[in-house]
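Undergrad: Residues per chain are reported as follows:
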Amino acid sequence: MEPLTTSLLYLNGVTVSFDGFRALNNLSFAIESGEMRAIIGPNGAGKTTMMDVVTGKTRPDLGDVLFDGSYNLTKLDEAEIAELGIGRKFQKPTVFESHTVNDNLELALKSDRRARAALWWQETPPERRRIDELLQIIRLTAVRDRLAASLSHGQRQWLEIGMLLAQEPKLLLVDEPVAGMTDVETQQTAELLKEINRERTVVVVEHDMAFVRELGVKVTCLHEGSVLAEGTIDQVSANERVVEVYLGR
Amino acid sequence: MMAHILIRSIDRGATIFLIIVAAIAIGVPILNLALPPSSDFHIPLYLVALFGKYTCYALLALSIDLIWGFCGILSLGHGAFFALGGYAMGMYLMRQIGTRGVYADPILPDFMVFLNWKELPVYWYGFQFFPYALLMVVLVPGVLAFVFGWFAFRSRVTGVYLSIITQALTFALMLGFFRNNFGFGGNNGLTDFKDLLGFNVQSEATRNALFSISCVALIIAFLLCRAIVTSKFGKVLIAIRDAEARTRFLGYRVESYKLLVFTLSACMAGVAGALYVPQVGIINPSEFAPGNSIEAVIWVAVGGRGTLTGAALGAVLVNYAKTYFTSGFLAPYWLFMLGALFIGVTLLLPRGIVGTLYHWTALRRDRASAAAEEGVTDPLPAE
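Each protein sequence line maps, in turn, to chains A and B.
For the first sequence, this note's numbering gives the first residue as 9, with consecutive numbering after it.
For the second sequence, this note's numbering gives the first residue as 336, with consecutive numbering after it.
No lab work stands behind these hints: they were computed from the structure.
Each hint should be verified, as a subset may be incorrect.
Only part of the chain B face toward chain A is listed, based on derived beta-carbon distances under 10 Å [to be verified]:
#, residue
1, HIS339
2, LEU341
3, ILE342
4, PHE386
5, LYS567
6, PHE568
7, ILE573
8, ARG583
9, TYR587
10, LEU594
11, GLY641
12, ASP701
When the alpha-carbon atoms are kept at most 20 Å apart in a straight line, the in silico DMTMM-like pairs for lysine to aspartate or glutamate are as follows [said to hold, decoys possible]:
#, chain 1, residue 1, chain 2, residue 2
13, B, LYS567, A, GLU135
14, A, LYS178, A, GLU91
15, B, LYS567, A, ASP140
16, B, LYS567, A, GLU91
Every residue gets a Cβ at the ideal spot worked out from N, C-alpha and C, and that includes glycine.
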């Protein structure tokens, strides 16, 4: 297919209404390949709805979402979108509690997702090594055989990020990764995301301005379902309207 | 490959279960056939038939546990698949009666002659052949479950809504099978069976053989379930049970997994029904009654869902209690007792009997390993 855009992710005039309430209102923006973008905005600005649209959970009423230049995500379902290479981390850490840390990663590992393949699947040495490697990155090697239910909040956040990495996505959507984390954990998470960004495109939704500053990337501020301001963190936080609706005086 | 799967599937609990079932499969017929009735260890024939019934129920419970305990699909209509398997076997047994029926029609079963039917309905064709009947035992529940599941899971019907429509499914089938013109004997169902593959279904030897075959079917189904739940497929099922949306965002097509396991479970329930019918000697529409399906769910809850062995144990225990209590002066209160049992288990023993046992052993092991870890991380101070 002929690429329609050079951007990795391109939202064009996306509108989503719930019972007359416009969660997204003609939202348009583009994420370039290899970029890390922070999305900020007050509650109800449409940040999570935007992620729902991109991952196929919600269908927009209007507009297009193009991925990798040629795939229209509004026509695909969650599984197909995940297979294209979009990984999502939820606001509330969601891991499989009755599985071990190791099994959580095993399930996330890029592989044939069909039921038939899963029946006959056996772990190969490269897959084993990949899990070892991921455990190193997310610092959970010591607890690999523990059930995910027994992990601390911060460890769960990392496990979920590890699961995202295991999918080897081109684009990671990360919803509030440092909510409820200690300062040290927040710091470590910022480092982890920067590390990940070396190979992959990342979109981070976050409220914690100190964290966004730490990331040092381009910021998009949403308000009432559309883009209010875009630019460096200093430009955006100097914007009159952003100060008014979000940061406060 | 097979050896690898077998090793993976059989843990300590599974070994104990397999040994017990195998011992019963061999022991019960020996104690019935080889010992004289005067012996203290002799098992009377009515008990063999009763145990056979329990074994079929255990198989049904296993099929429910596979979808409920591991994938979170609470079917309140699994009795329908059990009954369909039973009817398929019943149709074979009916056609074996031949001229020995009251009306001595070589082709038509008695109830059709009674209803003045002149010809055998097309859907009764082929049931005189045992292999065909066996195929139908698996195929009819399987196809129904596939079609039902295809619509339900694709539309993402989950939780109590799914439970309600499974309940409606079995109720609708019950109403259908009650009708005479449905062609399955209506109200009276199928009964008065004579023989199965030429063996008299009433005879001592046949009853013992049917009992042993039921045990073997239970063993095979158990091994199949274990192989499934210990595979990556099984891990995906548990993932779906615990966090369905997460599983979708990982790229798994949840509906295909659900559909496959639901269909397989229905086939297993059908086999259980087919083994049940020759042992109890009758199949009628009351087997479709919604209450039966709910009762089967209670067995699984009592034994411990997600344990497989617990489901089988629960089926035997609750049915033994049922046999015991419904034959005495407490008989009118059995349903109250069953309800109380369900509430009691839900409140006091949410993991069920076997689930609680597993939980305890896991706790003890965790404590032991935590203690061991402490020993390692806190070395004795150097002198």
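Undergrad: Checking against the hints above, which ones are violated?
TA: Result: hints 2, 3, 4 break, sorted rising.
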